[in-house]
Structure formats: C-alpha cells, structure tokens
Amino acid sequence: MFDFSIVTSWIDEFLRTYLPEFWVLAIEFVVVGVVLLALYCIIALVLIYFERKICAAFQCRLGPNRVGPYGSIQSVADMLKMLIKEIIPINHTDKILFYLAPFFVVCASLLAFGPIPFGRGLQAFDFNIGIFYILAVSSLGVIGILLAGWSSNNKYSMIGAMRSGAQLISYELSAGMSLMTIVVLGGTMQLSTIVENQVDCWYLFQGHISAVIAFVIYMIAGHAETNRGPFDLPEAESELTAGYHTEYSGLQFGFFYLAEYLNMFIISAIATTVFLGGWMPFHITGLDGFNQVMDYIPSVIWFFGKAFVLMFFSLWVRWTFPRLRIDQLLNLEWKYLLPINMVNLLVMVLLVIYGLTF
Amino acid sequence: MKSITNYIITIFKAIYSLLSGMMVTIKEFFTKKVTEQYPENRATLKVAERFRGELVMPHDENNEHACTACGICQMNCPNGTIKVVSKMVEMEEGAKPKKVLDKYYYDLGKCTFCNLCVISCPSKAIKFQNTFENSVFTREKLNETLNKEGSKVREKK
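From first to last, the protein sequence lines are chains A and B. With the first letter of the first sequence counted as 1, position 10 gets the number 10 in the numbering used here; the numbers rise by one all the way through. With the first letter of the second sequence counted as 1, position 76 gets the number 76 in the numbering used here; the numbers rise by one all the way through.
All the given hints hold, so there is nothing to weed out.
Below 25 Å or equal to it, Euclidean Cα-Cα: the simulated SDA-like pairs (lysine to any residue) are:
| hint | chain 1 | residue 1 | chain 2 | residue 2 |
| --- | --- | --- | --- | --- |
| 1 | B | K13 | A | L345 |
| 2 | B | K13 | A | Q328 |
| 3 | B | K33 | A | V309 |
| 4 | B | K27 | A | F313 |
| 5 | B | K98 | B | V153 |
| 6 | B | K2 | A | V347 |
| 7 | B | K32 | A | V67 |
| 8 | A | K335 | B | M1 |
Hint data in this document are derived by calculation from the structure and do not stem from the laboratory. Computed from a prediction, not measured in an experiment: that's the story for all the values here.
Can you make the complete structure from the sequences, with help from the hints?
Listed below in structure tokens is the structure:
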C-alpha cells in the first residue's frame, strides 16, 4: 500500500537542504495546521450533505436536489449563508464568556481531530499516550457548553447547558472505560501501534465477546457525548428552543454546528481506529489472494469508508428512536452502561490473561 | 437474585426492541420515494381521477347538457361561487312557458372545491375534472360560463 510518509519525508528533506532548522519546523507546522483546518471544514461540508440526503431517505423524501447536481453544492450555500449572517449582540450577557464559548467547543474538537491516523503515514502527531490524550481533550468541550449556557442570560439555555453538562460528564466515564478495554487487549495506548497490531485481524474480532460489547457501549456513549441521536435533549427544538446555543447567531452558531458534526466524525474515526482497524484493510489469515486484493485499495479509502459506515449507523439510530428524557439518559448510564462496562473490562482482562483472544 | 435476573432480562428485551425498530427504518430507507418533482415530470404525470381540479358541465356530441336550472347547486354552494341564470321560453301551442338554463356562472377564484354542488345535483349535470394547471394572470379570467353557446338541455325520455 502507498505509504504517505514517503511524501512527507521528501518534503522534509527538500526544506532542510535550503533552510535552517527553525524555519523548516515553522513552515511544516503551518502547513500541517492549514491542512488539518481545511480537512476539518471539508469533512464537515461533506458530512452535512450526506446527513441531509440520508436522513431524507429514511423519511421517505428526497434530500436537497436543486442546488448543483443531486444537491451537492447545498452545503457550500449553507456555509456562505452562515458566514454572512449578522452576529447579534445580546444586551445583558457576560460578554467575554459569551464570545469565548464557541471557541472552546471548536478548539476541543480540533485538538481531538489531530492525532487520528487517516492513512498509512498520514498522522499529524503520534505519541505514546494517544488514547489518553483523546479522552482528556474531548472532555474540554463541556466547558464551552457550560459557558454558552451560563453567559446567555436565558434560563432555558442555562437548563440546556446544565443537562448537557451532566450528560457529557456521565458518558465520558463509559466511553473511557470501553476504550480502556481495548488498551488492555492491545497493551498500548499509542494509536499507530494499535492500528499496526490489527494487521491480521481487527480488534473487534480479536477480542470477540468483550470487544463487541465494548464497541456497542462506546458507540452509545459517543453519541451521548456529542449530543447526537436519541440523546439530543439539550438542543431539542421542541423543548428548549435550541438549548445552550439559542442566543447565538451567524458564525458563532456556525462554530457550534461545525463542532457537532465533526465530533460525530471524530467519535466514528476513533471507533474505527480502535475497533475496526483504522486504515488497515480487511485481512483473513490464510487467504493470501484475498489479502492481496484488499491491499490494493488505498488506506485512506479504507479509513473513510469505515468511518462513513459508522456514521450511517449514527444517522440510522437518530431517525429510529425517540428522544430520551434527562432522567432516562442518566439512568441508562449509571445503572446499565457503567456496570456492564466494568464487568466487560474484567472479562477482557481474564481473556487476555488466559490467552483466549485470537 | 430475582432482581438480577429481571435486570438481565430487561437488557435483552430492550436490545431486541431496539433492533426491531431499526429493521423498520432500514426498510423505509430502501423503498422508492413518492416525491414527484413537478415541472420536470409533466410528460409522465398521472393525476388521480377523483382529484378535484376544475368544475365542468359535460356536453355530448349534440351540444346538449343535463342542467335543468333547478338552482340546487347554487343553494348548496357555501360561498356563492355558482350563479344560475334561467329564462322562460315559450312552448308550442297550449303548454305553459318552461324554465330553461340561460347562463351558468362559475367563479374559479372563489370555489372551495368542496364537492357539495356535484353531489347535490339531481340530474348529474356538473362534475369535477382533474386538470389543475388553471393559473392565469388576471382574476377576471377566472369567471367562467359553464354551458356552451347554443346548447340546450337534453330531453328526458
């Protein structure tokens, strides 16, 4: 398979022959930053388009199909609308916190977007506590939501933010523990090593019972963390107008919107990296011809294909189930998911000790 | 002990009901969508027979209609869309003058398409047809006269 580190090391060599160390690093940092930001926005646009088309298909209607062929430029039109809308200054809000809140949410989202391995050699930064870092950084989004609700000077936004805060903090536990189950299976927290360990068999099949349960729990907890699917009470339109982002308009609302879609993608991306093998193709031990064929498909396509399948699941779940009330939400987490998670972790430890994994 | 078995049974029942819900939705995903994209599909459009588009008075090949100018449709119309104007004609020697239809005024702009005129007509003289492209540029063009020039009522046998 094509290894992108050939390209990146060529660029690095090219720069080093002409410039001193400081400038090489500065240029590389800026280029990586710009590429990540561009990728962030492009994935958000593509995702919004797919969400609208797929949700329409579930609801027996066609999605947008007038703007561009099959409505593909609809997302761009929406983005332009969001950019030119007026940012309405509200009277008695806490101005600093009000303007700061969307930045927290987007920055937390971008920080979690960084270490995801998009393909062979396409990982922005890779350190030996990868999973721990991702869990830590995705919790920073809660601050943004609480700030938004508090500073809006609106009791309904405040209620929405408090509910969202409770929900996020509770489900962080489940998400973290299910990822710990995989760390037990893999023996490492470094994302690139986790992906490379799945070259023969994805972790979902290696740690059979335990990994499947951990996968399901991680998907449920991931949805609840990103206020998505049947867990979107804090932004339920019929209940709290728009919850914590009611008072925001224009680009600030655009940030919340963007961060929500990208968080959904990040949850799917981390689930594919950890459970479904990241950019590794689907190999079956023993069938060498099949493995050769699978190797021809580029790693980036494997990664995005798997992430999109998981996002299709996410949309499927969203348009099937009714919304959960806040007490049912917290009930689900503390009484069902957390005990199952703990037992599952124990089962995985036993499986690894007795060597019963594949 | 019983509460633990209840707990586990609840979990499995919940999983089963969630999955059966998802089966319903995925079938919906693959059904053909019924949205009709109107101006583009004009060539192959099929409108239902019973769709109420425009009121007409059917005339046969002898230019005869069935309206006896009884005025029941005018009485039943909720907002005065129909105006039946009748005239008395002289019959042959001896018989009394008879009332026949002179003009049948129908205002498409005011009609509520409630179908009360059609179902209350005793001679089945008027009916709705399913043409729906009736837009014009001035309201006056919507005032129609439903009986044609020179037509007369069909004689009852």
